[in-house]
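Make a model of the complete structure from these sequences and hints.
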Amino acid sequence: MLENYREVNEGKNPPDGLEQSRHIRKGKSLKEGDLLYVQLNEAQTEVVALYPVMISRTQYTVSVLDLLPEHLRAPQSANELCPASRLFGWVKHKKGEEEKEEQMALRSRVKVSDGKLAKLSGTFPITFKPLGTPKPTAVPMYLRPADPNAPSTEGRYFKKGYDEGPKEVTIRGRKMYLAHSKWKRESHREGTKFNISAKDVVDLGSEFTFEITFQDLTDVELGALLWTLQLEDGMVHRLGYAKPLGYGHVKIFIEHLYMEDICSRYANWSSSSVRDEKDKISFYIQKFKEEMEKAFAKPFENIIQVADLKAILTPKRERFPIHYPKPNPEGKEFKWFVQNKAQHRKDLPDLTYHEVLPFATEDKPLSYNKTER
8 MLENYREVNE
18 GKNPPDGLEQ
28 SRHIRKGKSL
38 KEGDLLYVQL
48 NEAQTEVVAL
58 YPVMISRTQY
68 TVSVLDLLPE
78 HLRAPQSANE
88 LCPASRLFGW
98 VKHKKGEEEK
108 EEQMALRSRV
118 KVSDGKLAKL
128 SGTFPITFKP
138 LGTPKPTAVP
148 MYLRPADPNA
158 PSTEGRYFKK
168 GYDEGPKEVT
178 IRGRKMYLAH
188 SKWKRESHRE
198 GTKFNISAKD
208 VVDLGSEFTF
218 EITFQDLTDV
228 ELGALLWTLQ
238 LEDGMVHRLG
248 YAKPLGYGHV
258 KIFIEHLYME
268 DICSRYANWS
278 SSSVRDEKDK
288 ISFYIQKFKE
298 EMEKAFAKPF
308 ENIIQVADLK
318 AILTPKRERF
328 PIHYPKPNPE
338 GKEFKWFVQN
348 KAQHRKDLPD
358 LTYHEVLPFA
368 TEDKPLSYNK
378 TER
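Numbering of the sequence shown is given in our numbering, commencing with residue 8 and proceeding in unit increments.
Calculated from the structure, these hints are not laboratory results.
Certain hints may be false.
To be verified - Heads up, simulated DSS-like pairs for lysine-lysine below, C-alpha to C-alpha not over 25 angstroms straight-line:
#, residue 1, residue 2
1, Lys142, Lys371
2, Lys174, Lys348
3, Lys323, Lys136
4, Lys182, Lys323
5, Lys189, Lys206
6, Lys182, Lys136
7, Lys174, Lys191
8, Lys294, Lys317
9, Lys118, Lys287
As the list claims (entries may be wrong) - Between beta-carbon pairs, the in silico distance windows are:
#, residue 1, residue 2, range
10, Lys305, Glu26, 55 to 61 angstroms
11, Lys206, Leu25, 27 to 33 angstroms
12, Lys206, Lys142, 25 to 31 angstroms
13, Pro90, Glu26, 47 to 53 angstroms
14, Pro82, Val227, 17 to 23 angstroms
15, Pro143, Ser84, 25 to 31 angstroms
This structure is a prediction, so every number in the text was calculated from the model and none was measured.
From the three backbone atoms N, C-alpha and C, an ideal C-beta is built for every residue, glycine too.
Here it is as structure tokens:
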């Protein structure tokens with residue numbers, strides 16, 4: 008562990024006013040007088056692990072990747088590609104020289120142009136509120152029971168965190184931001200190292216146009232692409248850094264769908280082989296939905312991936328306010344996560360946490376008052 012500390016920090020200079028931990032600066036071995044965190048077994052009879060401390064943290068023996076189902080992992084060969092990889096391209100992470108003969112990449116059959124400004128409703132400067140970074144160690148926000156029939160908010164599954172293993176827990180879902188029902192332009196008082204300022208934020212009602220060029224798509228693949236662009240009624244795409252604060256709602260409309268018959272191009276000298284098939288958009292999307300229903304053996308809207316996306320990307324008037332747990336006037340939202348741990352609750356012997364993040368489709372708020380002391 009001491010060697011790992013040094014390897015990770017080799018060549019790094021700490022910010023002004025700070026110095027590296029003595030575990031990094033000193034030798035490989037511990038000496039008398041060094042402080043350690045001692046972890047014992049459940050019977051409290053044997054030492055399981057030792058950790059040098061100024062501030063340290065126990066590592067999980069099970070990784071995030073270990074909990075990810077096989078069909079969601081990055082493909083390792085061209086034969087394992089998912090529909091998205093076949094459409095938008097794929098590059099393999101090379102592991103060794105012995106794999107030179109294997110196919111390592113597949114180019115995209117879809118190209119997206121830059122967006123051109125068609126209508127500007129105005130711009131404004133703003134300093135955004137500080138935004139946090141992912142905290143995978145907050146396991147009630149990142150894990151769920153592996154049993155699909157288990158209650159989504161049952162905390163007993165998270166006692167050991169990731170070390171519960173793939174038989175007990177799995178990754179909770181997509182890391183996406185809910186579409187806010189109300190958008191409020193609110194500039195933070197000042198810029199700090201935890202937030203950013205923007206000079207020309209595009210205002211509501213502005214419009215951009217762009218083109219997507221595709222080739223050699225089946226009807227189902229084209230339908231998937233079209234559905235991904237248009238989505239369902241009421242759904243919006245999210246764009247930009249300030250998505251957690253309600254910015255970046257984008258709605259895409261397809262103005263034209265130009266198709267070219269390659270055979271006709273070479274069979275005729277004069278007439279154009281390009282035609283506008285906008286009226287067939289619904290036909291291709293229906294083809295895609297039918298194929299999805301066959302694959303999942305259920306109605307399209309009941310497929311969990313579709314239901315999740317619809318819940319996440321649809322602004323709802325009745326949706327509860329979206330913000331960090333227990334907003335703190337001093338900017339110390341982390342206190343909610345600390346207080347959320349229930350290890351001191353005698354009335355909750357089987358729970359590790361007061362609150363567990365509900366699924367997007369459940370649309371339930373966290374009960375912030377439960378963690379107040």
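Going down the list of hints, with the structure as the test:
With a C-alpha separation of about 21 angstroms, the suggested pair Lys142 and Lys371 falls inside the 25 angstroms cut-off, and the hint holds. Pair hint Lys174 plus Lys348 holds up; C-alpha atoms about 23 angstroms apart against a cutoff of 25 angstroms. Of the pairs offered as hints, the one joining Lys323 and Lys136 holds, with about 23 angstroms between alpha carbons and a cut-off of 25 angstroms not exceeded. At most 25 angstroms may separate the alpha-carbon atoms for a hinted pair to count; Lys182 and Lys323 meet this at roughly 19 angstroms.
Under the criterion of a C-alpha separation no larger than 25 angstroms, the hint pairing Lys189 with Lys206 is consistent with the structure, at around 23 angstroms. Taken as a hint, the Lys182 and Lys136 pair is honoured in the structure, with Cα atoms around 20 angstroms apart against an allowance of 25 angstroms. The straight-line distance between the Cα atoms of Lys174 and Lys191 is roughly 43 angstroms, outside the 25 angstroms bound, and the hint therefore fails. With a CA separation close to 20 angstroms, the supplied pair Lys294 and Lys317 stays within the 25 angstroms bound.
About 21 angstroms separates the Cα atoms of Lys118 and Lys287, which keeps this hinted pair within 25 angstroms; it holds. Taking the beta carbon of each, Lys305 and Glu26 are about 59 angstroms apart, inside 55 to 61 angstroms as hinted. Between Lys206 and Leu25, the C-beta spacing of about 31 angstroms keeps the proposed range 27 to 33 angstroms intact. For the hinted restraint 25 to 31 angstroms between Lys206 and Lys142, the CB-CB distance of approximately 30 angstroms keeps it satisfied.
A beta carbon spacing of about 51 angstroms between Pro90 and Glu26 agrees with the range 47 to 53 angstroms that was offered as a hint. Restraint check, Pro82 to Val227: a C-beta distance of roughly 19 angstroms satisfies the suggested window 17 to 23 angstroms. Separation of Pro143 from Ser84 is about 28 angstroms and conforms to the stated range, judged on CB atoms against 25 to 31 angstroms.
Hint 7 alone, counting from the list given before, is not met by this structure.
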